[in-house]
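There are 4 protein chains.
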Amino acid sequence: MTRLSVGLIGLGRLGRVYARDLSTRIPQVRLVAVADTNGDLARQIGAEFDALATDDPSALISNPNVDAVVIVSPTHTHRPLVVESLRAGKPTFCEKPPALSLAEAETMAAAERQTGTFFQMGFMRRFDPGYAAAKKQIDEGRIGRPFVFKATSRDPFPPSLSYADPKSSGGIFVDMGIHDFDLARWFMGDVAKVQAVGGVLVVPELATVGDHDNAIATLTFADGRLGVVDLTRNGLYGYDITTELLGTEGTIRVGYIRETPILVMTRNTIAHDTVPYFMERFERAYTLQLQNFADNVLQRRPAPVTIHDGVEALRIAVAAARSCATGQSVDVRSTT
Amino acid sequence: MTRLSVGLIGLGRLGRVYARDLSTRIPQVRLVAVADTNGDLARQIGAEFDALATDDPSALISNPNVDAVVIVSPTHTHRPLVVESLRAGKPTFCEKPPALSLAEAETMAAAERQTGTFFQMGFMRRFDPGYAAAKKQIDEGRIGRPFVFKATSRDPFPPSLSYADPKSSGGIFVDMGIHDFDLARWFMGDVAKVQAVGGVLVVPELATVGDHDNAIATLTFADGRLGVVDLTRNGLYGYDITTELLGTEGTIRVGYIRETPILVMTRNTIAHDTVPYFMERFERAYTLQLQNFADNVLQRRPAPVTIHDGVEALRIAVAAARSCATGQSVDVRSTT
Amino acid sequence: MTRLSVGLIGLGRLGRVYARDLSTRIPQVRLVAVADTNGDLARQIGAEFDALATDDPSALISNPNVDAVVIVSPTHTHRPLVVESLRAGKPTFCEKPPALSLAEAETMAAAERQTGTFFQMGFMRRFDPGYAAAKKQIDEGRIGRPFVFKATSRDPFPPSLSYADPKSSGGIFVDMGIHDFDLARWFMGDVAKVQAVGGVLVVPELATVGDHDNAIATLTFADGRLGVVDLTRNGLYGYDITTELLGTEGTIRVGYIRETPILVMTRNTIAHDTVPYFMERFERAYTLQLQNFADNVLQRRPAPVTIHDGVEALRIAVAAARSCATGQSVDVRSTT
Amino acid sequence: MTRLSVGLIGLGRLGRVYARDLSTRIPQVRLVAVADTNGDLARQIGAEFDALATDDPSALISNPNVDAVVIVSPTHTHRPLVVESLRAGKPTFCEKPPALSLAEAETMAAAERQTGTFFQMGFMRRFDPGYAAAKKQIDEGRIGRPFVFKATSRDPFPPSLSYADPKSSGGIFVDMGIHDFDLARWFMGDVAKVQAVGGVLVVPELATVGDHDNAIATLTFADGRLGVVDLTRNGLYGYDITTELLGTEGTIRVGYIRETPILVMTRNTIAHDTVPYFMERFERAYTLQLQNFADNVLQRRPAPVTIHDGVEALRIAVAAARSCATGQSVDVRSTT
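Chains as they are written, first to last, in this note's numbering: chain A, 379 to 714; chain B, 379 to 714; chain C, 379 to 714; chain D, 379 to 714.
It is worth saying that the hints were derived from the structure and are not from the lab.
Warning: the hint list may mix true and false statements.
You can't tell identical chains apart in this list, so a pair holds if it fits in one copy or across any two.
Here are the simulated DMTMM-like pairs of lysine to aspartate or glutamate, each with C-alpha atoms no more than 20 Å apart in a straight line [stated by the list, open to error]: (1) K514 - D651; (2) K545 - D428; (3) K514 - E637; (4) K545 - E661; (5) K545 - E484; (6) K571 - D687; (7) K545 - D517; (8) K545 - E637; (9) K571 - E658; (10) K513 - D651; (11) K545 - E583; (12) K513 - E637; (13) K514 - D434; (14) K545 - E518; (15) K571 - D428.
Make a model of the complete structure from these sequences and hints.
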């Protein structure tokens, strides 16, 4: 088996999961190099997985032993790293969101067009067995034509203020909502108009950085069909990602709220646990996504999730944030 | 509408429910008389529902204004009252179990044969919308031919010692199990052999009256198919009646464990309530059963649940109790 | 027991259910008169329940044997009938929505103020054991302070065009949404702003009368908390009413989607049935609501659901319809 | 990291899963050799995972590069291979059941005692996150003292006749039931008495080899507590492993019946898929079990599942088979 030699940039929480996946769970890949601006961290992870370590992402990108680059560094670094990697001719995977601004994201899209280098956008939900099965069933006509898209995303607790700061996270619509906006496009097509509301209802500190802890966005798709996305950074009981497609022949609901298959039945009460967080819910999806990236590169298949998908999901998120700020509905297609 | 004038004998817990049903929920019936050996109780209930009250069941039975008799008095009184009522030519309904001994039950069966008077045995589960729908679907072939019968009956807490005393309740197999044994016969046919175990595992006082708090009986049907019934007097979390039929084309499971349609989702836990007790679970079944009795009498239809059904369910229960006592499997058909 | 002699106006689908409830399920009430402009229907129902029948609602209202009036006639008749009944000094119950326009509803409120006659607005969900238990638990602090309200209402199939016509039904926001808007107020308080979208996505004929088959409304409560209501006239799989309250200490979800307690498990598939329609889902709530009305009148207790509740829920519905028509968010409090 | 060099014997269905796990999912292990009497198969799997391949298990065991041996060959080969491996001083893992007869299993136990070599018995359910969490909660007192053990094991379809043949599989009680009998001992302690019934109810061909397709065993534990295990080789709808412990303070139920987190809601029906088979249900448990084996060997920890556990679970299975054959209850402790 020819293995793809991968370099990984960014060793934060998710980066370390990617390091483990690339090293131990994806047979067609070898993790050959890791980079993080925190050099100590890079060296530690490099040692753990027998990979070259550097604090200079550019060195990793230009390393001739690196066949392909996986980028999971902070969002504001995506544009320069992706552009550099594409220009170096290295097939590149980049975690969502593509960037904090549409201008940056479009620069990335332009680099992809100009270089013709393979690029795959990270939206792991598309690789979750639940969402993948739902897509397949819908494509096969199981529920007829979907006409309403409903999505709920609940984090169990708010992130740190420094993470939530819209200057680095993009704010609740970009940081959390982009997953649901991508699902909306995947299942239903482009969105024409968005109306959104948001508020600081539970975590007053979030107001100091300008983010919301709860938000709701209604979507009007280009052909008039409807959608709604509700987001909370304070689900409290656990991590709950639920999506519904109402179709002319039926409805599909994806999601679950119990982690361990145990019911505890005590006096007058029956209880179970909850899904702790995104790693438990989407562990398999993350692995399958990287596997798919490696397969696509090795077999010269087109990327199933493109920079265009990243740009357009970001466009909805940016439009939603503007609608929320202005109280007006916002035309997505003219949002820049 | 011609209404059936009904007399009700026995005003204990269930008797009072029957009084309410007969008075207010069954349009085709009029409750004209109530009897209980506790005359004060009879007078109180009689006043509440505008019915004649007496402490003498025989007076009720012989009252010419009473068209039909419903008997829900303690089990040891079933035989004499049923026989008297049948001999008086009054269509009679009697709550399960028919009697504490097979000899008594067979005397009742003989009286029914000799008098030709209408008799209906009370097994309310057959009138529960869940069980009725399961029966219909199985009869229509939805799961092919059922080959295994599984039933679980859990009371939330043990009854009083005086109630549990096998001398009045018949013991756990007769008192609780008879419902499941009747379902077994209804869904699968006659039982040839039973093996049972039981124990006093949680409520030591039960040992003083000779009852068990937990028991399990395996059934071999006449044609070799299999069944299992497990019983507990100490379900604790709530009342849980679950029945499964495994068939050649599928399985049907009847039962539920949540009473109120509420999920409460708190930190790391999702919980709901439980079914409190049999009145909540089978309230509708009790009403439908009495309605069915009235319709059968008024429209001269045969009883869907006969004294034979009562005798045979009791026979399995008695055989199970013997198997439990002896540690040997017991032939049901030769049990007397 | 003193019984309340009730007259019932309106014998359509729901009216006949009320007739049955008033006659047979509510001991403290006697149904003494029924009225419907369809005199044949009135006579038929009157005969069935031993009640006086008339095709003239005014005659029923002025009948001295009628202590209290229950109005379940078409919405456009609510205002004149309620005003007449209140002026006649008869305690009055009126089914939702109070009227098709705010002006009419406010006329009804004025009549109630001027006459001081008892009036109770019909919002049966408040009497559903599920919603009532949720309210109780929230009031007791089980989930802390609720900060997001989410409601989904799905009818299994669209109504007739003549029913759906906004000139008689008020349109999807008034006809269906008003239940959710009332719940929003009941659980969270007054709504300041609403944004809504709607469309004819599945049932093109609805466009001919000017109604929508699907709609979504986001709510901003007076204190900034958020809500969202999604409505479909074409749930298809069944009737599904689900409501969630997200609170600072947890979330409560009310609703269920299985009618009969049966799982059917066939090759690779486990299935159950669905809730057919509102009568199955809220049968008990309707009965409890009328019982509550009778108790309130007999015991001179204030109405738990007032004309003010009707007016304010209607105000949100009217605001939502306007937002949907204009694409702008609408201030609820200034909506007239 | 010091890695354990493991040799794997047996490359059937489960053996290939173990090969993949040992090669790619367990960082602390290296798969260095594989053996199967089918030499072509051995060479193919060896090539796939860069491991030495042989058709001679003894050669693998004596290979000095093999630190530890994992045995997942057919049951009748367990005894000689385990004994040989233990005598060679190689830490050994052997898949359940230990052997087809108690005599063989006891020979294995004797070899373990005599050599003092590390041995771990394979009962993967103990490593399933659901069962492990249940055990932990019960040990922590969450349900008080368990007094009834209930277990259901359903295969979705019968195995091949050659597999089912009791001469190689041990029959339904040994092949399937041993998992439940091990759980019974793990949760509750030793079993004193077993009563069992079985039959060929659905798959008549099974009669030709002398196996049953359905069976039920009731257990009386040494201290009088009760248990029941029901087994079917024809669950049909899917793979369903459900276990309940009733305790003095509550009940714990472990199990699930939906594989993919999708509900499909069509007209009047809501459906989901089922768990296909044991690999989907216990994939993680198998991996965790091998990981645990490697950790125990590397860290010189005692085996959490011993040959004694294997012998005693087999003893219950053999006793159940005898009870089923004779119709008598069987004393487990005197079963040889």
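We went through each hint and held it up to the structure:
In this homomeric assembly, K514 and D651 come within 20 Å of each other (Cα to Cα) only across copies, at 14 Å, whereas the closest approach inside a single copy is 29 Å. Neither within a single protomer nor between protomers do K545 and D428 lie at most 20 Å apart by alpha-carbon distance, with minima of 35 Å and 49 Å respectively. For the homomeric pair K514 and E637, the shortest alpha-carbon distance between copies (16 Å) is at most 20 Å, but the shortest distance inside one copy (24 Å) is not. With identical chains, the CA atoms of K545 and E661 are never at most 20 Å apart, being 28 Å at best within one copy and 42 Å at best between copies.
With identical chains, the CA atoms of K545 and E484 are at most 20 Å apart within one copy only, with a shortest distance of 18 Å there and 49 Å across copies. Taking the closest pair of Cα atoms, K571 and D687 come within 20 Å of each other only inside a single copy of the chain (17 Å); across copies the shortest separation is 33 Å, beyond that limit. For the identical chains of this complex, K545 and D517 are neighbours neither inside a copy (38 Å) nor across copies (39 Å), given an alpha-carbon limit of 20 Å. Taking CA atoms no more than 20 Å apart as the test, K545 paired with E637 passes in neither setting, with 33 Å inside one copy and 40 Å between copies.
For the identical chains of this complex, K571 and E658 are neighbours neither inside a copy (33 Å) nor across copies (38 Å), given an alpha-carbon limit of 20 Å. When the C-alpha separation of K513 and D651 is checked against a cutoff of 20 Å, the pair qualifies only between copies, where the shortest distance is 15 Å, while the shortest distance within a copy is 28 Å. Within a single copy, K545 and E583 get their C-alpha atoms as close as 15 Å, which meets the 20 Å cut-off; across copies the closest is 48 Å, which misses it. Taking the shortest alpha-carbon separations for K513 and E637, only the inter-copy value of 16 Å comes in at or below 20 Å, while the best intra-copy value is 23 Å.
In the homo-oligomer, the alpha carbons of K514 and D434 never lie at most 20 Å apart, since the shortest distance is 41 Å inside one protomer and 46 Å across protomers. With identical chains, the CA atoms of K545 and E518 are never at most 20 Å apart, being 42 Å at best within one copy and 40 Å at best between copies. For the homomeric pair K571 and D428, neither the shortest alpha-carbon distance inside one copy (49 Å) nor that between copies (55 Å) is at most 20 Å.
The structure is inconsistent with the numbered hints 2, 4, 7, 8, 9, 13, 14, 15, although it conforms to all the rest.
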